[in-house]
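Student: Chain by chain, the residues:
Number of protein chains: 2
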Amino acid sequence: MVNNVLIAVIGAGGVGKCFLGQLATLAARRPSPKLDLCYICSSKKAVFSADYAGIDINSATETLAASPVAPKSLTALADYLAAAPSKVVLVDNTSSQDVADSYPLFLGKGVSIVTPNKKAFSGSYDLWKAIFSASEASGAKVYHESSVGAGLPVISTLKDLVDTGDKVTKIEGVFSGTMSFLFNSFAPTEGKGGQWSAEVKNAKALGYTEPDPRDDLNGLDVARKLTILARLAGLPVASPTAFPVQSLIPTELESCTSGDEFLEKLPAFDSQMEATKSEAEAEGKVVRFVGSIDVATQNVKVGLEKFDRSHPIAALKGSDNIISFYTERYGSNPLIIQGAGAGGEVTAMGVTADLIKVISQL
Amino acid sequence: MVNNVLIAVIGAGGVGKCFLGQLATLAARRPSPKLDLCYICSSKKAVFSADYAGIDINSATETLAASPVAPKSLTALADYLAAAPSKVVLVDNTSSQDVADSYPLFLGKGVSIVTPNKKAFSGSYDLWKAIFSASEASGAKVYHESSVGAGLPVISTLKDLVDTGDKVTKIEGVFSGTMSFLFNSFAPTEGKGGQWSAEVKNAKALGYTEPDPRDDLNGLDVARKLTILARLAGLPVASPTAFPVQSLIPTELESCTSGDEFLEKLPAFDSQMEATKSEAEAEGKVVRFVGSIDVATQNVKVGLEKFDRSHPIAALKGSDNIISFYTERYGSNPLIIQGAGAGGEVTAMGVTADLIKVISQL
Numbered sequence: 447m448v449n450n451v452l453i454a455v456i457g458a459g460g461v462g463k464c465f466l467g468q469l470a471t472l473a474a475r476r477p478s479p480k481l482d483l484c485y486i487c488s489s490k491k492a493v494f495s496a497d498y499a500g501i502d503i504n505s506a507t508e509t510l511a512a513s514p515v516a517p518k519s520l521t522a523l524a525d526y527l528a529a530a531p532s533k534v535v536l537v538d539n540t541s542s543q544d545v546a547d548s549y550p551l552f553l554g555k556g557v558s559i560v561t562p563n564k565k566a567f568s569g570s571y572d573l574w575k576a577i578f579s580a581s582e583a584s585g586a587k588v589y590h591e592s593s594v595g596a597g598l599p600v601i602s603t604l605k606d607l608v609d610t611g612d613k614v615t616k617i618e619g620v621f622s623g624t625m626s627f628l629f630n631s632f633a634p635t636e637g638k639g640g641q642w643s644a645e646v647k648n649a650k651a652l653g654y655t656e657p658d659p660r661d662d663l664n665g666l667d668v669a670r671k672l673t674i675l676a677r678l679a680g681l682p683v684a685s686p687t688a689f690p691v692q693s694l695i696p697t698e699l700e701s702c703t704s705g706d707e708f709l710e711k712l713p714a715f716d717s718q719m720e721a722t723k724s725e726a727e728a729e730g731k732v733v734r735f736v737g738s739i740d741v742a743t744q745n746v747k748v749g750l751e752k753f754d755r756s757h758p759i760a761a762l763k764g765s766d767n768i769i770s771f772y773t774e775r776y777g778s779n780p781l782i783i784q785g786a787g788a789g790g791e792v793t794a795m796g797v798t799a800d801l802i803k804v805i806s807q808l
Numbered sequence: 447m448v449n450n451v452l453i454a455v456i457g458a459g460g461v462g463k464c465f466l467g468q469l470a471t472l473a474a475r476r477p478s479p480k481l482d483l484c485y486i487c488s489s490k491k492a493v494f495s496a497d498y499a500g501i502d503i504n505s506a507t508e509t510l511a512a513s514p515v516a517p518k519s520l521t522a523l524a525d526y527l528a529a530a531p532s533k534v535v536l537v538d539n540t541s542s543q544d545v546a547d548s549y550p551l552f553l554g555k556g557v558s559i560v561t562p563n564k565k566a567f568s569g570s571y572d573l574w575k576a577i578f579s580a581s582e583a584s585g586a587k588v589y590h591e592s593s594v595g596a597g598l599p600v601i602s603t604l605k606d607l608v609d610t611g612d613k614v615t616k617i618e619g620v621f622s623g624t625m626s627f628l629f630n631s632f633a634p635t636e637g638k639g640g641q642w643s644a645e646v647k648n649a650k651a652l653g654y655t656e657p658d659p660r661d662d663l664n665g666l667d668v669a670r671k672l673t674i675l676a677r678l679a680g681l682p683v684a685s686p687t688a689f690p691v692q693s694l695i696p697t698e699l700e701s702c703t704s705g706d707e708f709l710e711k712l713p714a715f716d717s718q719m720e721a722t723k724s725e726a727e728a729e730g731k732v733v734r735f736v737g738s739i740d741v742a743t744q745n746v747k748v749g750l751e752k753f754d755r756s757h758p759i760a761a762l763k764g765s766d767n768i769i770s771f772y773t774e775r776y777g778s779n780p781l782i783i784q785g786a787g788a789g790g791e792v793t794a795m796g797v798t799a800d801l802i803k804v805i806s807q808l
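If you're matching them up, the sequences are chains A and B in order. Heads up, the first sequence stops at 808 in this note's numbering, and the numbers go up one at a time, no gaps. Heads up, the second sequence stops at 808 in this note's numbering, and the numbers go up one at a time, no gaps.
Here chain A stands alone, though its shape is the one from the complex (with noise of 0.2 Å):
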């Protein structure tokens, strides 16, 4: 093991200021090897030395607010680290397309990276192969759990699986902390539950929904999750709209030019969910937003599927994700994996663990 290591971050924002706290614990408690703070950049400022001198990573926020310094461009600070006198990793804090398309150009000179970013590992097939050719070739790692289900052991149990021999067939699960919210709200396993438009305005009031929340509503959070774990059990996916993904947007409301105007025209709409959720009701059912990955028919769909009430993804609550693994090796009964997988802490904590293991291979 290395004597010291470079860490360089892109993005302060929720995910950003968490990990930072999580890595000044992390750089106290470990003194082997030392970890540096080299580089730190929000979207419109940036902190670091000619010298890669360590960052202070206790007061890297506060430093990073007052700099007058912009970012580096993508390009140069590919530049910069692979010049750096150490190992570097690169930590993605953002969900940033752009910074996902440079991963292949950073780990091709060497610079490790982990993140949370779906971005780079859910888009075209082609920046997937351009990424790990890349690592393959140089060597340097790119850990990226917190990807799917937050911290949550999703993406390390699935390459476990995959990696000993194991043949994964199937691969379900409630992937979307905000769906799950909702829906354990709108059509809970005992009681009523609340009207559709009602549960979505309260989801947002608590934080629970991206600020339009149409962005939690079209699916697409959810199938970018599935394009990956689906790549990693070996199907080429070529992209997140590249199988079935049923959006929950009524099609009149996609126009609505902000998400203000969508949740006050909601309502008109409810009678839609009501009879999905009725139909199940029916059956002794409640309806859910899953994701599915069927691995020998090459089927990946996300929509709303009816379950027992006392089906383990009928039985999830709050907003927490549950990912089943059906594998040859389990047999009738997956392997699962259940908990929070939304969250600032519980996602730079898989960043954070991701980390460790890179640097115990540096």
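Hints are not guaranteed to be accurate.
If several chains are the same, the list does not tell them apart, and a pair holds so long as it fits within one copy or across any two.
Straight-line distance between alpha carbons at most 27 Å, and here's what the computed DSS-like set of lysine-lysine pairs gives [as the list claims (entries may be wrong)]: (1) Lys-480 - Lys-613; (2) Lys-463 - Lys-613; (3) Lys-491 - Lys-605; (4) Lys-711 - Lys-650; (5) Lys-533 - Lys-575.
Since the hints were made in silico from the structure, they are not lab data.
Assemble chain B onto chain A, guided by the hints.
Tutor: Below, chain B without anything else, positioned relative to chain A:
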């Protein structure tokens, strides 16, 4: 990463054979680093050569059965592996205390270890400290995912939680496939279930128990797993008998000289378990055999507890394990891992996954 890694295997029983199958696939699929099996032994026989030449993995079991050579002593084996021309990983697929006691010796000589053997990590706390000090000093790795919950990602998840600075407050679950199967049949969430002694007899007939079922019913297997998890969570538990463990063996039957005699006499004691079951039923609950660790109060215990029928622990199926991690970050809803916690292939999977992780760090 190195070009060549030597693998030494102790134990060629159920898990050992499954591991060899997975190792053969792994070695064929991953050309670099080259994996060579340099030593394999059972309790009676061994195969190895003075020049550490690779033994054909696919036929290793047959070669071993036909070998006229006795195994090396553990001391001699440690010297042999320490003198090897490449990095060595020792795979201990036994449940031997003797082999476990020698881990500090191997680690001290730079030999990494992967194992499903619980004995090393659940015996005396002095052995635990000696193992991790030796690993720390030499840099040799020691991984033991399958010592709890077989291939389920239990140890790795707990380590990630702790290493990233989360505070684990409580760990609770069903840690024995045998106990899971027994109670899911004896006190199902729906229907009546059978007589206790009949369920034990049936579980034995199906191969779910040890040859003498008392080796499961005494609770020691669960106590060993709890000891491992408690220590990883930071509690210096002295031994698996240092906390309350409820034995399900009636006192009068502890002196039976065989498992068969025990099974023959067990029906006379069915009323005890029946009373426990009825008491739970009267509260609308079911009884389960669980282990729990309360980190704050340092309270570790193993035994019968009552759960609501809708509780995930009550709803478990077959011989599945379930492990819930309550932590500061995860809040009121725990991080849950569930699935088969016993069986040759899934146990070997944990060993193989550990081997892959160790190799990536050599």
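Student: Give a verdict on every hint.
Tutor: Against the structure, the hints come out as follows:
no. : hint              : in the structure
1   : Lys-480 - Lys-613 : between (40 Å within a copy, 24 Å between copies)
2   : Lys-463 - Lys-613 : between (38 Å within a copy, 19 Å between copies)
3   : Lys-491 - Lys-605 : neither (36 Å within a copy, 35 Å between copies)
4   : Lys-711 - Lys-650 : within (15 Å within a copy, 62 Å between copies)
5   : Lys-533 - Lys-575 : within (24 Å within a copy, 31 Å between copies)
When the structure is compared with the earlier hints, a violation turns up for hint 3 alone.
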